[in-house]
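Chemist: Residue-level listing of the chains:
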Amino acid sequence: MQDRMKVTTMQMSMLVGSLLIASNMNTMPTAITMASSQDAWYAYLFPIPYGIFMAYLLWRMLRFNPEKNMYEMMQYSCGKWLGGLLNGILIAYLTLDLISQLRIYSDFFSSSILLRTPQIYILLMTMLLLAYYAGGSMEHLFRTNVVFITLFLSLYVLTPLLLLNEIDMQKLKPFLSGGIAQPLKGGMLALGSFTDLIIFGSFLHHVRKPRDIYIAMKMGVIYSAMFLTIWLFCVVSVVSPILSSRVLYIGWILVQQIHITDFLDRIDLFLISLYVPILLIKFAALYIAILTGIASYTKKKKFDFINLPMGIVITILAAISFDNTDEVSLFYAFGMLPLSFGVQILFLGSLFIGLAVRKKKSMPPDLNISGYGIGVWLTLIGAIVSVLAGTLVGNMRGIYGDIGATLFICFLVLCVFLSFKEYSKGFASRGKNS
Amino acid sequence: MDLGFIVFVIFLVIGTAKVKWKNMKNGSSKAMFFTVVGVIALLIVFCVNHKIYSIMNITFMRAMVMGVYVLMRGQGV
Chain A
1454 MQDRMKVTTM QMSMLVGSLL IASNMNTMPT AITMASSQDA WYAYLFPIPY
1504 GIFMAYLLWR MLRFNPEKNM YEMMQYSCGK WLGGLLNGIL IAYLTLDLIS
1554 QLRIYSDFFS SSILLRTPQI YILLMTMLLL AYYAGGSMEH LFRTNVVFIT
1604 LFLSLYVLTP LLLLNEIDMQ KLKPFLSGGI AQPLKGGMLA LGSFTDLIIF
1654 GSFLHHVRKP RDIYIAMKMG VIYSAMFLTI WLFCVVSVVS PILSSRVLYI
1704 GWILVQQIHI TDFLDRIDLF LISLYVPILL IKFAALYIAI LTGIASYTKK
1754 KKFDFINLPM GIVITILAAI SFDNTDEVSL FYAFGMLPLS FGVQILFLGS
1804 LFIGLAVRKK KSMPPDLNIS GYGIGVWLTL IGAIVSVLAG TLVGNMRGIY
1854 GDIGATLFIC FLVLCVFLSF KEYSKGFASR GKNS
Chain B
15 MDLGFIVFVI FLVIGTAKVK WKNMKNGSSK AMFFTVVGVI ALLIVFCVNH
65 KIYSIMNITF MRAMVMGVYV LMRGQGV
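From first to last, the protein sequence lines stand for chains A and B. So the first sequence is numbered by our numbering: it starts at 1454 and just counts up by one. So the second sequence is numbered by our numbering: it starts at 15 and just counts up by one.
Hint data in this document are derived by calculation from the structure and do not stem from the laboratory.
No farther apart than 27 Å at their CA atoms in a straight line, the calculated lysine-lysine pairs in the DSSO-like style are these:
| # | chain 1 | residue 1 | chain 2 | residue 2 |
| --- | --- | --- | --- | --- |
| 1 | A | Lys-1753 | A | Lys-1533 |
| 2 | B | Lys-36 | A | Lys-1753 |
| 3 | A | Lys-1752 | B | Lys-34 |
| 4 | B | Lys-32 | A | Lys-1755 |
| 5 | B | Lys-32 | A | Lys-1753 |
| 6 | B | Lys-44 | A | Lys-1752 |
Chain A with its partners taken away, still in its complex shape (with noise of 0.2 Å):
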């Protein structure tokens, strides 16, 4: 059902880290390291500002209508028709993401866990896990992701230490001497991982201040890039580039890697318990995304009666819509790309005309420049520059690609740094002001 719940600014941003982390985990390192070999781990770096103009282009919107979603801006915006069939290029597209996704869980969990579980069912339940999700309110599903991704994230980022026996830096070298293309067409592949982002434009009306969902998304994009950087770093200096970008579920087979004792040797079963319910949480944000913008073309504005069949719908789809594990992780990695920008550019650029030609007046700038802000991007662009300046040097002595993967790690922590206090000094200041 479509509440008007609001949510806070942390629940939203730990939502993020949720879209963003663990979708990118199994299958798109693969794609990576095929692109960009041992520079892959510099890849997730490229999609941060990607992420920051997302964050910024929702606060506009919700500056224009504070009470509306992103579907009802748009049939305000470019009236009924040509405002339902942008809505309706858009729910085909988030369907189209959601099916592919379930798709490749479904064929993990089949060869992997559930070997003799038709895959038509293990698509079912988890269907019907999400129509229960649907069904609950937003913030059921907001303070669900809050207990797993804590301690998901907690987990995982121990995940170098308990791979420390494992990981070879020899894998990685030489450091940014593949040119510049190399971590460009990995960033570029990143880049289309991250464009799920556009789901938040259906929960803004549970944002209660626009600046939340800006510094929400600022403060998710930039930790999660960090964590799949790490996660990549461990893929590349444990599997090699090599093996990594031939085989299917590298994430599965890195974690299985881990090694601590004897009795401690199936760690991968502990931590896909924790691995799956994240998962789950995209999948249900994303389905509700959808049947939020189905409902923006009924009167009442509500799905709940359009909530199972629906999932019925998407079932079906996701099993026969692909003929094998290859094909849709191929689609998955190298097609979502184009057509998601594709998407984008035309829903968001038609969004954008329409309210500017409306010429609603839109409430006053709510968000303060702060030294914290200017730090963040201070930092990112030190992190780009020593990733470009090492591919152009790199190749000519092994030490200045070093010198440059060695800046690039300084300023990406110093950027996840600078965006936590950013995030703090925005709330201090909001209880100052309110």
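Please build the complex by placing chain B on the supplied structure of chain A, with the hints as guidance.
Modeler: Frame of chain A; chain B shown alone:
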């Protein structure tokens, strides 16, 4: 497609219609519900006759995906 799945889906759809009928007060809600049910019926009929309709069999999709794949793979690994 599995026969058990089809029977289960029919039960779910009938159950949803029975429980949620009172909530569908206006025509647009009812129209939407029956449209989705129609899509389910269509998909089941298609699936019984043919097993797979792959998205990648669409020429445009395959060309797009393989184009990006070749671009990303380049001269490397």
